[in-house]
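Chain by chain, the residues:
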Amino acid sequence: MSEAVTPRPPLIEARGLSKNYGTIVANDAVGVEVRHGEIVAIVGDNGAGKSTLAKMLSGAVMPDAGEIRIDGQQVTLRNPVEARERGIETIYQDLAMAPNLDVATNLYLGRERIRRGPARLFGVVDRKGMRAEVSGHLKELDINIPKLWGTPVESLSGGQRQSVAIARALVWASKLVIMDEPTAALGVKQSAAVLQIAKNIRDKGISVVIISHILPHVLELADRIVVLRHGRKVADVSAEELDEHKLIELIVGLRSPAAALSSTDSSKEEGS
Amino acid sequence: MSTTPATDYVPSSAVKDETGGAAQAAPPADDGSNRSDGVGSKLRALVLRPDFALPIVTLLLFLYLTFGNEFFFSERNLLNITQAVAIVGVAAAFATIVVVSGGIDLSPVVIFIMAGLVSYWALNQGMPVPVAIVFAVGVGGAIGLVNGLLIAVGNLNPFIVTLGTNFLFTGLAFVLTDGEALVIEDDGFRNIATSDLIGDLSMTTVVMAASFAVAWFILRKTRFGIHVFAIGGDANAARLSGVRVTRVKTLVYVVAGLSAGVAGVMLAASSGSVAPFQATGQNDLLIILAAVIIGGTALEGGRGTVIGTLVGILLLGIIANGLVLEDVSSFWQPVVVGTLLLIAIILDEVRRRTALKVAR
Numbered sequence: 001m002s003e004a005v006t007p008r009p010p011l012i013e014a015r016g017l018s019k020n021y022g023t024i025v026a027n028d029a030v031g032v033e034v035r036h037g038e039i040v041a042i043v044g045d046n047g048a049g050k051s052t053l054a055k056m057l058s059g060a061v062m063p064d065a066g067e068i069r070i071d072g073q074q075v076t077l078r079n080p081v082e083a084r085e086r087g088i089e090t091i092y093q094d095l096a097m098a099p100n101l102d103v104a105t106n107l108y109l110g111r112e113r114i115r116r117g118p119a120r121l122f123g124v125v126d127r128k129g130m131r132a133e134v135s136g137h138l139k140e141l142d143i144n145i146p147k148l149w150g151t152p153v154e155s156l157s158g159g160q161r162q163s164v165a166i167a168r169a170l171v172w173a174s175k176l177v178i179m180d181e182p183t184a185a186l187g188v189k190q191s192a193a194v195l196q197i198a199k200n201i202r203d204k205g206i207s208v209v210i211i212s213h214i215l216p217h218v219l220e221l222a223d224r225i226v227v228l229r230h231g232r233k234v235a236d237v238s239a240e241e242l243d244e245h246k247l248i249e250l251i252v253g254l255r256s257p258a259a260a261l262s263s264t265d266s267s268k269e270e271g272s
Numbered sequence: 001m002s003t004t005p006a007t008d009y010v011p012s013s014a015v016k017d018e019t020g021g022a023a024q025a026a027p028p029a030d031d032g033s034n035r036s037d038g039v040g041s042k043l044r045a046l047v048l049r050p051d052f053a054l055p056i057v058t059l060l061l062f063l064y065l066t067f068g069n070e071f072f073f074s075e076r077n078l079l080n081i082t083q084a085v086a087i088v089g090v091a092a093a094f095a096t097i098v099v100v101s102g103g104i105d106l107s108p109v110v111i112f113i114m115a116g117l118v119s120y121w122a123l124n125q126g127m128p129v130p131v132a133i134v135f136a137v138g139v140g141g142a143i144g145l146v147n148g149l150l151i152a153v154g155n156l157n158p159f160i161v162t163l164g165t166n167f168l169f170t171g172l173a174f175v176l177t178d179g180e181a182l183v184i185e186d187d188g189f190r191n192i193a194t195s196d197l198i199g200d201l202s203m204t205t206v207v208m209a210a211s212f213a214v215a216w217f218i219l220r221k222t223r224f225g226i227h228v229f230a231i232g233g234d235a236n237a238a239r240l241s242g243v244r245v246t247r248v249k250t251l252v253y254v255v256a257g258l259s260a261g262v263a264g265v266m267l268a269a270s271s272g273s274v275a276p277f278q279a280t281g282q283n284d285l286l287i288i289l290a291a292v293i294i295g296g297t298a299l300e301g302g303r304g305t306v307i308g309t310l311v312g313i314l315l316l317g318i319i320a321n322g323l324v325l326e327d328v329s330s331f332w333q334p335v336v337v338g339t340l341l342l343i344a345i346i347l348d349e350v351r352r353r354t355a356l357k358v359a360r
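In order, the protein sequence lines correspond to chains G and W. The numbering of the first sequence is our numbering, which starts it at 1 and goes up by one. The numbering of the second sequence is our numbering, which starts it at 1 and goes up by one.
Chain G extracted, bound-state conformation (with noise of 0.2 Å):
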């Protein structure tokens, strides 16, 4: 948590996200911070409040309390598409996609393009159009999918529609990229993939906030980690900082973070 001036305030950064579900508190007066072209990792155990986070700032959960900025201005997002006006795209973990659309119509869902003239007055879409520029999107982000339209992607592999929903959050972010989850359906050749993905992404210039439970990822991955415990933020540090073995122990609460930030890693039961 550097507390540094830089020239250019921070992509997003986030102060006291508070969030209620009946008497199960999701998020506790959760503040983070993500600077342009970086890569956070989120972790976390079961419950402990990650998904709520990345949701809020995805505009799928409306925050109780709190306040959100995006580069140094005060917003509110009361759904996805606030969000993603402002170049926040969310690849969620189940997806979200329609079953029954093919790859170019979920690709376009929601933003589909309008033919010009009379037509516009009805909602015609410009089907030719979408799928001329689909093909090239895809290309250009060096993804491969078969079958881009004419098929429903619930009769892609799990990879396929996996790729499917990060090329529809590349093909639209311009600032952010939200991946919930984003290899837990996943084999090894195919995660890694997505890893990769993410790093294209942020060479782009592109921040990417990133929720996993899986560590290695996380560190391999990450520039600075979240840790979440019991809907509060308990650590945030640069990766470098970190291990495996001390990042485990921040999210089971093993480890108090003062102690893992002092990076003395000889101490094992400071508790918590």
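Since the hints were derived computationally from the structure, they do not count as laboratory data. A virtual CB, placed ideally from N, CA and C, is assigned to each residue, including glycine.
Where chain G lies over chain W, by a calculated footprint (3+ residues, C-beta under 8 Å):
hint, segment
1, 215 to 224
2, 228 to 235
3, 241 to 249
Given the structure of chain G, go ahead and fit chain W onto it with the hints provided.
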């Protein structure tokens, strides 16, 4: 056809050696259906596709009656068939959109009656026929709006909501009329049903054709149509993708209500009366839903075609007509329709299990 080639996605830069890299880039010229299997599975696929099986069945029946019955294939008789299904056809065209959105609408028949009652009232007030029609269609839209708001905003079950409005307005129709048929005496209004619009095509037939054209256009060509499919497939995913689910769902029922209003005007004009007990028969409602399902639209939403419904309603019309011409008791009609319905859903289930890929 059932096995997807295992070309898992991989960015070619990441694992180039194993996948052959960019050589596997999706062929943009491919229409996507990828039919590379043998003739046998192709044939099976065709038979299982409702958009093929249904026209084939309809065509066979048509040919059978054409060659087996001296009265069937005449201009008069064919026009009779289309005229007979025109009223339910108008409602069925838009009921397709409702079902594709994952909903169901049990209220069209009571909208028929309410639209008829409003026409009767408006004409009695001395309003001109076009104004009466606007009022009648409007009341259909209003009932549709009530359905839509309860279902989309209130997040209530569409079956229960429209069952509720069905009961409610059936009762209201009885209350308003004291249970008696009201005779509409305005000739201008009654001529709507009997006049021929284009050549020998009656106004009602033309309106039905136009309804199917409009419903097809909405579902296949517009952003609204894509969103209806998306909501039927996975409403939450659609919401996260930026589809305005509440608005689209509401509009679906409004459009269905408007179309039922149009059908109601046609019914009142052709019968020259409005009778509340027309609503209690509910046979028309079952015909509407049967046409949609036989036409291959999935009741769980997300899949279906307007053209399928058109063929479905024509098939039902030909069956009713054929039974009369063949001198078979009309009591057999529900037996045939029921059998067809069962075959349709069995085919649909088989199709789903074989994971046959049907473009939406």
